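Chemist: Using my numbering, read the sequence shown as starting at 40 and increasing by one per residue.
Have a look at the derived ranges for each label pair, beta carbon to beta carbon:
(1) Gly332 <-> Asp355: 38 to 46 angstroms
(2) Glu85 <-> Ile204: 42 to 50 angstroms
(3) Gly94 <-> Ala261: 46 to 54 angstroms
(4) Ala253 <-> Gly332: 21 to 29 angstroms
(5) Asp413 <-> Thr75: 19 to 27 angstroms
(6) Leu338 <-> Gln359: 14 to 22 angstroms
(7) Ile204 <-> Ser250: 21 to 29 angstroms
The hints are simulated quantities; they were obtained by calculation from the structure and are not laboratory data.
This one's a predicted model, so the numbers in the text were calculated from it and none came from an experiment.
Yeah, the Cβ is synthetic: ideal placement off N, Cα and C, and Gly gets one too.
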Amino acid sequence: MRPRYQLLTALFAIHMTGAGFVHAQGRPTPYPLPDTPVALATANAEMTATVIAQGIPRPFGFEVLTNGDILITDRYTPALRVIRNDVLDPQPLGGLPEIRTGFHSGLLDVIAHPQFADNGWIYLTYHTALASDGEYAITLGRGRYDGSNELKDFEQLFIGTPMTISGGSRMVFAHDGTLFITVGGAMDRRPLAQDLTRLEGKVLRLNDDGSVPADNPFVDQADVRPEIYSYGHRDQYAVAIHPVTGELFHAELGPLGGDKLNVIKAGGNYGWPLYGYGSYNDGEPMKKLPQEGFESALLIWQPGIVPSGLMFYTGDAFPQWQGNMLTGSIQRGRLPGSGGLERIVFNENMWELQRETMATELHQRIRDVAQGSDGSIYLLTEEDNGAVIKLQPAQ
Numbered sequence: 040m041r042p043r044y045q046l047l048t049a050l051f052a053i054h055m056t057g058a059g060f061v062h063a064q065g066r067p068t069p070y071p072l073p074d075t076p077v078a079l080a081t082a083n084a085e086m087t088a089t090v091i092a093q094g095i096p097r098p099f100g101f102e103v104l105t106n107g108d109i110l111i112t113d114r115y116t117p118a119l120r121v122i123r124n125d126v127l128d129p130q131p132l133g134g135l136p137e138i139r140t141g142f143h144s145g146l147l148d149v150i151a152h153p154q155f156a157d158n159g160w161i162y163l164t165y166h167t168a169l170a171s172d173g174e175y176a177i178t179l180g181r182g183r184y185d186g187s188n189e190l191k192d193f194e195q196l197f198i199g200t201p202m203t204i205s206g207g208s209r210m211v212f213a214h215d216g217t218l219f220i221t222v223g224g225a226m227d228r229r230p231l232a233q234d235l236t237r238l239e240g241k242v243l244r245l246n247d248d249g250s251v252p253a254d255n256p257f258v259d260q261a262d263v264r265p266e267i268y269s270y271g272h273r274d275q276y277a278v279a280i281h282p283v284t285g286e287l288f289h290a291e292l293g294p295l296g297g298d299k300l301n302v303i304k305a306g307g308n309y310g311w312p313l314y315g316y317g318s319y320n321d322g323e324p325m326k327k328l329p330q331e332g333f334e335s336a337l338l339i340w341q342p343g344i345v346p347s348g349l350m351f352y353t354g355d356a357f358p359q360w361q362g363n364m365l366t367g368s369i370q371r372g373r374l375p376g377s378g379g380l381e382r383i384v385f386n387e388n389m390w391e392l393q394r395e396t397m398a399t400e401l402h403q404r405i406r407d408v409a410q411g412s413d414g415s416i417y418l419l420t421e422e423d424n425g426a427v428i429k430l431q432p433a434q
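Assemble the whole structure, with the sequences as input and the hints as a guide.
Modeler: In structure tokens:
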């Protein structure tokens, strides 16, 4: 063993015994969570980051409910966990269906129905194992959460086409009450995202009961899945509805650079794996957009940041950020420990005016982002020691 490597190994061993050492995707990381609130400076705000809960292995999505509870999906266990009054319940919620776990598969996103205060519905996306060996399908289900330790009346609403490569999933309700769902699984160069008989690499649009809206763009077309709203996507870990226009905003991962922000159009083809902005995983440059018949991105990240989680800020805690877009970042340029929170400022024409990367001092993989009822911003970290971090204005 080389002397320098021996020294690094010894230092890591010391850190493990003394500072709650954790691992990210099997790789050692020297960035434990802070024990006390951390001051974070930004371009126009001073804020404090506080870890309110940790010890969640590899979480994927979370939802801050109107009653203050926070639901968190633990992808690989799988489990649905809850934070009440800033305390993580050590026992996950009961009432979940059978969920298939494996490489990138498991329990994915969680969101509340727009009328949650009245109906209690919680929606989940997850993978269901199929009878054929090695195949599974993206699934949408819902159950009622009443603050107890179990989801009630759980029902499967929709199950997709068979798949063998997993990916993430995000959900968001539109202003008209329909539900948008992203489906991953189109990570390699096979043209799965261009195949309209399959659901990999698509954005789906469903009614809140899992049925297909009559005005979906491919309804009644032969050899096309009617749930599909847009296609030609790679992995998609972030969606949000613009609070004023109602448009669907969508962040997508390039393979090697070229992550992009899209405004989704009904029936639009967004290019993968034919066109993009970065390079394929082997380094070969992609043929670049724009191309006739394909939708171009609103903006791109070069190098890539692995955008995950998306929201438009509407709170009062940071009034200077109202209307700004926030997205989590797993890592920048494939460099471990470089995750953070991206803030993008647009004008009334949705032209980008300013872009800032924040919270990089935490060195965490930010998998999701949400807004609390008091305007605080919550971050979900995807680590072996996953955590929920609350951002508030500095006092």
